[in-house]
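Take the given structure of chain X and dock chain B to it, following the hints.
Those protein sequences? They're chains X and B, same order as listed.
According to this note's numbering, the first sequence is numbered sequentially starting from 1.
According to this note's numbering, the second sequence is numbered sequentially starting from 237.
Hint data in this document are derived by calculation from the structure and do not stem from the laboratory.
Check before you lean on any hint, since a few could be wrong.
Partial selection, computed: residues in chain X whose CB lies under 10 Å from chain B [what the hints assert, rightly or not]:
id, residue
1, Phe16
2, Ile20
3, Ala28
4, Ser56
5, Ile80
6, Leu87
7, Ser126
8, Met161
9, Ser169
10, Tyr175
11, Gly224
Anything over 10 Å on all C-beta distances counts as not near chain X; from chain B, calculated [what the hints assert, rightly or not]:
id, residue
12, Ser249
13, Pro300
14, Leu337
15, Leu338
Footprint (simulated), chain B over chain X, 3 or more residues, beta carbon under 8 Å [unchecked claim]:
id, segment
16, 89-95
17, 98-111
18, 118-125
19, 183-191
20, 196-207
21, 213-220
These numbers were taken from a predicted model, which means no experiment stands behind them.
We treat Cβ as the ideally placed atom computed from N, Cα and C, and that holds for glycine.
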Amino acid sequence: MELKTHENPQAKKTAFQQGISAAVPIMAGYLPIAITFGVIAQQTGIPLIHSVLMSSLVFAGASQFMAVNMLGAGAGGLEIILATFVLNSRHFVMGLSLMNILRKAPTPWKIALSSGITDETFAVTSLQKEKANPLFAAGLILTSYAAWVSGTLIGGLLSNMIPPSISASMSISLYAMFIGLLVPAVRESWKWGLIALISMGLNTWFDMFLSSGWAIVLATIMGGGIGVPIVRRKKK
Amino acid sequence: MTGPLLWIILGMSLVTLVPRWLPVWIVDRFRPPEWVHDWLNNIPYAALGALIFPGILSVVKEEPSIGLIGGIAAAGMAFFRFHILFVIFGAILTVIVAKALL
Numbered sequence: 001m002e003l004k005t006h007e008n009p010q011a012k013k014t015a016f017q018q019g020i021s022a023a024v025p026i027m028a029g030y031l032p033i034a035i036t037f038g039v040i041a042q043q044t045g046i047p048l049i050h051s052v053l054m055s056s057l058v059f060a061g062a063s064q065f066m067a068v069n070m071l072g073a074g075a076g077g078l079e080i081i082l083a084t085f086v087l088n089s090r091h092f093v094m095g096l097s098l099m100n101i102l103r104k105a106p107t108p109w110k111i112a113l114s115s116g117i118t119d120e121t122f123a124v125t126s127l128q129k130e131k132a133n134p135l136f137a138a139g140l141i142l143t144s145y146a147a148w149v150s151g152t153l154i155g156g157l158l159s160n161m162i163p164p165s166i167s168a169s170m171s172i173s174l175y176a177m178f179i180g181l182l183v184p185a186v187r188e189s190w191k192w193g194l195i196a197l198i199s200m201g202l203n204t205w206f207d208m209f210l211s212s213g214w215a216i217v218l219a220t221i222m223g224g225g226i227g228v229p230i231v232r233r234k235k236k
Numbered sequence: 237m238t239g240p241l242l243w244i245i246l247g248m249s250l251v252t253l254v255p256r257w258l259p260v261w262i263v264d265r266f267r268p269p270e271w272v273h274d275w276l277n278n279i280p281y282a283a284l285g286a287l288i289f290p291g292i293l294s295v296v297k298e299e300p301s302i303g304l305i306g307g308i309a310a311a312g313m314a315f316f317r318f319h320i321l322f323v324i325f326g327a328i329l330t331v332i333v334a335k336a337l338l
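Looking at chain X on its own, in the form it has when it is part of the complex (with noise of 0.2 Å):
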């Protein structure tokens, strides 16, 4: 368990303690979404110990959503794993690119922190370039990992008392917390907000023919591989 980036154990807790922080707006955005989960599964006849536990297995929970919504309108089992494992292999592509800061860890670490990985842990992560290594991952996962898990235990402890149709407007808090974080960014440079905007263009496409999470998918990859001529030209 020897981590060789930080040498000064005062450094680590820190490290970690920062990770936290970090996570506090995750946990803005997840704690209501992660309530609705466990409304709408207690109301969809879900058991409350299967609800807590796909949130502790599975975290993403735009799946959980999804197989939610599958599971009360009858779908089969294979095809609830298949939609899940569409919609969830954008996170290949999101740990590719964390392997890039995590690329000092050792092997176990990484393994730990990927399976951690979601659209918001991944965002904010990446986007701490100089703070972000494994402690300070492992600080915003585990913070973003509870705070997941015991919002849905909340949620169906509460299924009785918060009426569904909240949900709609909280369900704008991930995409605020998403354009939280880009818009700092294009602050920065305009480059990444063009990337944003190529991918914006093509997910739009995409999603004309594609189901959402193929869609994704597939804008992410292209959309950041338009981007490489885009970032070099500027480098030279």
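Relative to chain X, chain B alone:
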């Protein structure tokens, strides 16, 4: 329902974790060239773009403009360097107000 449901959850967990783990195995075996490095560096911004749009239009399915208004409010607050928590809660409030008005 309980028995199959457990298997569905385990299956979902497996197909979610494998794509998350695969990069660890790949990166330890190949040293990517410079352009791959640049490409991976661009991924967060491309991902943010794709995650925001057009998904934000479906915040309220029947009224795509509500999500858009919430997004514009969030972008405005982020541009003026509001803390991200204010950006999130500001966007939620904007959507609640927009839903009441539209």
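Now for the hints, and whether the structure bears them out:
1. Phe16: With a closest approach of 20 Å, the Phe16 of chain X hint is violated.
2. Ile20: violated (15 Å)
3. Ala28: holds (5 Å)
4. Ser56: Result: holds, 9 Å to nearest chain B Cβ.
5. Ile80: With Cβ-Cβ at 6 Å, under 10 Å, it holds.
6. Leu87: holds (9 Å)
7. Ser126: Holds - the Cβ of Ser126 of chain X comes within 10 Å of chain B, reaching about 4 Å at its closest.
8. Met161: Where the cut-off is 10 Å and the nearest Cβ of chain B is about 19 Å from Met161 of chain X, the hint is violated.
9. Ser169: With a minimum Cβ separation of about 5 Å from chain B (threshold 10 Å), the hint on Ser169 of chain X holds.
10. Tyr175: With Cβ-Cβ at 5 Å, under 10 Å, it holds.
11. Gly224: holds (4 Å)
12. Ser249: Contrary to the label, Ser249 of chain B does not stay out of reach of chain X, its closest Cβ about 4 Å off (not over 10 Å).
13. Pro300: Per Cβ check, Pro300 of chain B is outside 10 Å of chain X; nearest 12 Å; holds.
14. Leu337: With a cut-off of 10 Å, Leu337 of chain B remains clear of chain X, as the shortest Cβ separation is near 13 Å.
15. Leu338: holds (12 Å)
16. 89-95: Per the Cβ count (7), the hint holds.
17. 98-111: Three-residue rule met by the segment 98-111 of chain X, so holds; n is 7.
18. 118-125: Holds: 3 residues of the segment 118-125 of chain X have a Cβ under 8 Å from chain B.
19. 183-191: Satisfied; 4 residues make the cut.
20. 196-207: Three-residue rule met by the segment 196-207 of chain X, so holds; n is 9.
21. 213-220: It holds: at least three residues are needed, and the segment 213-220 of chain X offers 4 whose Cβ sits within less than 8 Å of chain B.
In this structure, the earlier hints numbered 1, 2, 8 and 12 are contradicted, and the remaining ones agree with it.
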